[in-house]
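Participant: Read off the chains here:
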Amino acid sequence: MPVIIKEGRFIEDPFTDAGGAFVALDQYSAAVHDREAALTGIDVPADTDPQALAGLMNSVAAIRIAFPSFADGRGFSIARKLRRMGFNGLIRAKGHVLADQYPLAIRSGFDEVEIPNDQAGRMPQSQWREALARTQNNYLDRLKHRAA
Amino acid sequence: MYAYNEFDEAFVRERVRQFRGQVEKRIDGSLTEDEFKPLRLMNGLYLQLHAYMLRVAIPYGTLDSRKMRQLAMIAEKWDKGYGHLTTRQNIQFNWPKLKDVPEMLEALADVGMHAIQTSGNCVRNVTADHFAGAAADEIEDPRPTAELIRQWSTDHPEFQFLPRKFKIAITGAPNDRAVTKAHDIGIRMVRGGAGEPGYEIIVGGGLGRSPFIGKVLREFLPKAHLLPYLEAILQVYNLSGRRDNKYKARIKILVHETGLEEIRDAVEATFERVLEEFEFPSDLLTAEIAGHFEPPEFDNTQTLAFGEALEADPVLRAFVETNVAEHKNPAYGIVTISTKPVGGTPGDVTAGQMRVIADLAERYGHDEIRISHEQNAVLPHVRKADIPTVHAALKAVGLATANVGLVSDIIACPGMDYCALATARSIPVAQEISERFHALKLEHEIGELKIKISGCINACGHHHVGHIGILGLDKAGVENYQVTLGGDATETMALGERAGPGFAADELIPALERLILAYLQLRHSREETFLAAYRRLGAEPFQAALYPEKERHAA
Ligand code: SF4
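Here the protein sequences line up with chains A and B, keeping their order.
According to our numbering, the first sequence is numbered sequentially starting from 1.
According to our numbering, the second sequence is numbered sequentially starting from 1001.
To be clear, the hints were calculated from the coordinates, so they are not data collected in a lab.
Treat the hints with caution; some may be incorrect.
[As the list claims (entries may be wrong)] Quick list of in silico lysine to any residue cross-link-like pairs, SDA-like style, CA-CA up to 20 Å:
{"#": "1", "chain 1": "A", "residue 1": "144", "chain 2": "B", "residue 2": "1219"}
{"#": "2", "chain 1": "A", "residue 1": "144", "chain 2": "B", "residue 2": "1036"}
{"#": "3", "chain 1": "B", "residue 1": "1025", "chain 2": "A", "residue 2": "125"}
{"#": "4", "chain 1": "B", "residue 1": "1037", "chain 2": "A", "residue 2": "69"}
{"#": "5", "chain 1": "B", "residue 1": "1165", "chain 2": "B", "residue 2": "1036"}
Just need the whole structure built from these sequences, with the hints factored in.
Facilitator: Structural data, given as structure tokens:
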């Protein structure tokens, strides 16, 4: 069972618990017709061009972005770009995300992180909660706040 | 110069606190070296050939006496009494013990310094013209922009795990002393059609194993649009740069493989979107940050003493000729302090020397110090009347070598003496060259000549853009040195061309001697530099001097 981290806490998957399901991006069009948007999520690989998702942003409630390795930072740009394109649904990072990267994920537009169980064992909830505190007080927000 | 506000202070202290915990976990074994690696790299700590190495950021190469004295203290207390100035305006300590590093970072934070983003695949320490704010040819001081970029790029959420490291350089003068065309992004401050200030954005330059000269991505970018535009470039790079091969992961390869036009279209499209969300008022830049870079109050009184001292002292005269550059205020000069005495290690500065530099800056230099990418220190604002005193004080500690821009003002990477990646030595080669030409007493006769040496193909010694470039390789276990000719690191950037087969270590110095003596024969006049003569005559006569055997065989 993977672990979902939301607001610094380990929880069970609220999206699937509510009846939602993730469909791989390349199988999406076939599956979409009999599902309502609120219960539809798509899984996108790290090499996705966010522009290619422009057409389906209104028909899905969640986008789950793969992190094949913590060193692969494409997901941060995908999330940030999706937010800039106006996507207001759930964005989740899935895979090899470190607790130290959690603040970056949140600031890039992610709501949640999903990690495998064994990784959650090595990186307990306390590490994520501590990391969450670091989303405050960053240079970029500060520059923006002054940009009034 | 820029002074930390409460925010900067808190940010840096928090980073030190985090790192202290990580070091403790590493020492008690709860973190393996593999797990510790990305964490230490985020704080500038490398594992070298013999020891850890801490790379400290000197943002855009600007320091004051307080910071310099602290570096001296750190060198003495936790290292072997010296530091090493790098080609990216940083300073490295080569011998710290892991357990001491948190204390060192704490000591740095005490004077508003840090080692953040001096390693890792993120936007590195932004570099700038080392004569910024002082040079006679400057359009505008680039440092406020560099500081803005520092703040924007520090801990940027999107760009900490790029395909590869990312280097930005900026110049405010038409004579490019910041090597902007060999950076991932080079920025030149320019004026638009109506005289309004803006930037020219150059992208995709870089040395290393596949060298490229940067290309102009945007000829004129209004000042207020800089950060959104940089953000667009970085986003395109982060999403599209190659991650399958670390030698092909820099943006230069993306630009080369994709084509400049296509990259430009992608950047412009992204830029439009970014701009909607975030545009900076230009008064932010001018008012708050620029306030930290107000020029000092210059003392404009000129005296005859300077001219008289020059007249009387030939050693001072030679020093002024090579090491003092024109200041925008005619009563002042820009003094470059060479860290390259004959036979020394380029870039090494002892704690004692650091303190002398700090004292001189405080007393005679409006408390400003710069570090140049040529691994020298600079006092940017010295009254001409004080130059004789400054020179005498430098002489007393071995810092008055009059060789800036000359054959012994060599850029050399650490090479085999320190670097785990090296295939050959580079520091000893630099030492031999300077000793040889010193013995020949020809340095000043030869005039401007830039020799740059790298100890492996990664080209940290910038050999591609040396008038004479030297690349140390390993040929079946034996050091072999390849020579390139005609490189240029300035606004007329050119990559050197390989002259021919490499030289064994003991053949190299005689070959360079033949080469340079041939130049003296070939040049029109003293005014024609090595590079100019090479451009006029082409490679052939220089190759003939390097490889006389071949010449004879052909005849
Ligand atoms: S050029 Fe090679 S040897 Fe020299 S510092 Fe760079 S990686 Fe090390």
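Participant: Taking the hints in turn, state whether each one holds.
Facilitator: Do the hints match the structure? See the list:
1. A:144 - B:1219: Status violated; Cα separation ~26 Å.
2. A:144 - B:1036: Judged against 20 Å, a Cα distance of about 33 Å means the pair is violated.
3. B:1025 - A:125: OK: residue 1025 of chain B and residue 125 of chain A at ~17 Å, within 20 Å.
4. B:1037 - A:69: 15 Å, holds
5. B:1165 - B:1036: With Cα atoms ~19 Å apart, residue 1165 of chain B and residue 1036 of chain B stay inside 20 Å; holds.
Of the hints listed earlier, those the structure fails to meet are numbers 1 and 2, in rising order.
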